[in-house]
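Protein chains in written order, with the working numbering: chain A, 1 to 114; chain B, 115 to 228.
I should point out that these hints are in silico values taken from the structure, not numbers from a laboratory.
Keep in mind that this is a model prediction, so the values were computed, not measured.
All residues carry an ideal CB built from backbone N, CA and C; glycine is no exception.
Incorrect hints may have been included.
[Stated by the list, open to error] Label-pair ranges, simulated between beta-carbon atoms:
#1 B:Arg175 <-> A:Asp1: 37 to 43 Å
#2 B:Asn181 <-> A:Thr20: 29 to 35 Å
#3 A:Asn77 <-> B:Ser124: 42 to 48 Å
#4 B:Tyr153 <-> A:Ser79: 29 to 35 Å
#5 A:Ser79 <-> B:Ser126: 39 to 45 Å
#6 A:Ser65 <-> B:Met143: 35 to 41 Å
#7 B:Gln225 <-> A:Glu53: 28 to 34 Å
#8 B:Ser183 <-> A:Asp71: 44 to 50 Å
#9 A:Glu53 <-> B:Gly174: 34 to 40 Å
#10 B:Gly130 <-> A:Glu62: 47 to 53 Å
#11 A:Glu62 <-> B:Gln195: 42 to 48 Å
#12 B:Gly174 <-> A:Gly3: 20 to 26 Å
#13 A:Gln17 <-> B:Lys223: 41 to 47 Å
#14 A:Arg63 <-> B:Tyr153: 38 to 44 Å
[To be verified] EDC-like, lysine to aspartate or glutamate: derived pairs with alpha carbons at most 16 Å apart:
#15 B:Lys223 <-> B:Asp169
#16 A:Lys9 <-> B:Glu156
#17 B:Lys185 <-> B:Asp145
#18 B:Lys170 <-> B:Asp145
#19 B:Lys223 <-> B:Asp198
#20 B:Lys215 <-> A:Asp71
#21 B:Lys215 <-> A:Glu54
#22 B:Lys168 <-> B:Asp145
#23 B:Lys182 <-> B:Asp169
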Amino acid sequence: DSGVTQTPKHLITATGQRVTLRCSPRSGDLSVYWYQQSLDQGLQFLIQYYNGEERAKGNILERFSAQQFPDLHSELNLSSLELGDSALYFCASSVVGTSVDEQFFGPGTRLTVL
Amino acid sequence: DQQVKQNSPSLSVQEGRISILNCDYTNSMFDYFLWYKKYPAEGPTFLISISSIKDKNEDGRFTVFLNKSAKHLSLHIVPSQPGDSAVYFCAASARSGGYQKVTFGTGTKLQVIP
Numbered sequence: 001d002s003g004v005t006q007t008p009k010h011l012i013t014a015t016g017q018r019v020t021l022r023c024s025p026r027s028g029d030l031s032v033y034w035y036q037q038s039l040d041q042g043l044q045f046l047i048q049y050y051n052g053e054e055r056a057k058g059n060i061l062e063r064f065s066a067q068q069f070p071d072l073h074s075e076l077n078l079s080s081l082e083l084g085d086s087a088l089y090f091c092a093s094s095v096v097g098t099s100v101d102e103q104f105f106g107p108g109t110r111l112t113v114l
Numbered sequence: 115d116q117q118v119k120q121n122s123p124s125l126s127v128q129e130g131r132i133s134i135l136n137c138d139y140t141n142s143m144f145d146y147f148l149w150y151k152k153y154p155a156e157g158p159t160f161l162i163s164i165s166s167i168k169d170k171n172e173d174g175r176f177t178v179f180l181n182k183s184a185k186h187l188s189l190h191i192v193p194s195q196p197g198d199s200a201v202y203f204c205a206a207s208a209r210s211g212g213y214q215k216v217t218f219g220t221g222t223k224l225q226v227i228p
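Work the whole structure out from these sequences, hints included.
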């Protein structure tokens, strides 16, 4: 158990819909990362937050947005969903958010868009 | 543009033998490299890392080698155990926009045969 929690575990929805994925980082970790893993793909970095502020952006679509709240939990919002958005979405947290930081991953949310 | 490449999607090794997982990168600005292990239905977990100023880092059965001139790193597992069967992700970190960004490879699925 990494100490990072993600809800829900599974999510099935239809194209065009909007969903929210939630992540609670490890106690004490200030940095949260979101990743997408599609079939046979590596972990694609989406976005990083540090203590409530956006720190780095990766290959995140404009239809996707995220935020980190004062209690440090984070939400990833996916809208106008397309079939290709079906993937595993991982949240990770680290103490500070530097290259030497080990990232602790949650178990992931499996999103299926029908 | 896949900056971190794991060209072998899968690898099978007999228990007790050495497992060698390879990773190539293209960005010479990467200054920190990490390996993560992922079991099914779980998030990745940190395994071992190496700074670009080193060429070897060892932790028990796991050793990571870095060849900067070849832009290549490898993870050696000796001896391999059935519990090592998992997907292994190589990751590299570089400073971008004032912050460190981590790029993951596509993973190599290791099967250790008893």
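Comparing the hints with the structure gives:
In this structure the supplied range 37 to 43 Å is violated for Arg175 of chain B paired with Asp1 of chain A, their Cβ-Cβ distance being about 23 Å. Take Asn181 of chain B and Thr20 of chain A: their Cβ atoms lie about 44 Å apart, and the range 29 to 35 Å is violated. Checked against the given bound of 42 to 48 Å, the beta carbons of Asn77 of chain A and Ser124 of chain B, roughly 35 Å apart, lie outside it. The beta-carbon spacing between Tyr153 of chain B and Ser79 of chain A, approximately 31 Å, falls within the hinted interval of 29 to 35 Å.
A C-beta distance of roughly 42 Å is found between Ser79 of chain A and Ser126 of chain B, which places it inside the suggested range of 39 to 45 Å. About 28 Å separates the C-beta atoms of Ser65 of chain A and Met143 of chain B, a value inconsistent with the hinted range of 35 to 41 Å. In this structure the hint that Gln225 of chain B and Glu53 of chain A lie 28 to 34 Å apart at CB is violated, the actual value being about 42 Å. Ser183 of chain B and Asp71 of chain A have their C-beta atoms about 47 Å apart, which keeps the hinted 44 to 50 Å range intact.
Here the CB-CB span from Glu53 of chain A to Gly174 of chain B is close to 38 Å, well matched to the stated 34 to 40 Å. Distance hint for Gly130 of chain B and Glu62 of chain A: a CB-CB separation of about 51 Å, consistent with the stated range 47 to 53 Å. The beta-carbon spacing between Glu62 of chain A and Gln195 of chain B, approximately 45 Å, falls within the hinted interval of 42 to 48 Å. Between Gly174 of chain B and Gly3 of chain A, the C-beta spacing of about 23 Å keeps the proposed range 20 to 26 Å intact.
At about 32 Å, the CB distance of Gln17 of chain A to Lys223 of chain B disagrees with the hint of 41 to 47 Å. At about 31 Å, the CB distance of Arg63 of chain A to Tyr153 of chain B disagrees with the hint of 38 to 44 Å. A distance of roughly 24 Å separates the Cα atoms of Lys223 of chain B and Asp169 of chain B; the hinted pair therefore is violated under the 16 Å criterion. A distance of roughly 11 Å separates the Cα atoms of Lys9 of chain A and Glu156 of chain B; the hinted pair therefore holds under the 16 Å criterion.
A hinted pair counts as satisfied when its Cα atoms are at most 16 Å apart, and Lys185 of chain B with Asp145 of chain B qualifies at roughly 11 Å. Only pairs whose Cα atoms come within 16 Å are accepted, and Lys170 of chain B paired with Asp145 of chain B is accepted, the gap being roughly 14 Å. This hinted pair checks out: Lys223 of chain B and Asp198 of chain B have alpha carbons roughly 10 Å apart, not beyond 16 Å. With a CA separation close to 24 Å, the supplied pair Lys215 of chain B and Asp71 of chain A exceeds the 16 Å bound.
Straight-line distance between C-alpha atoms of Lys215 of chain B and Glu54 of chain A comes to about 13 Å, which keeps the hinted pair within the 16 Å bound. For the hint linking Lys168 of chain B to Asp145 of chain B, the alpha-carbon distance of about 10 Å falls within 16 Å, and the restraint holds. Between Lys182 of chain B and Asp169 of chain B the alpha-carbon distance is near 8 Å, which keeps this suggested pair within the 16 Å criterion.
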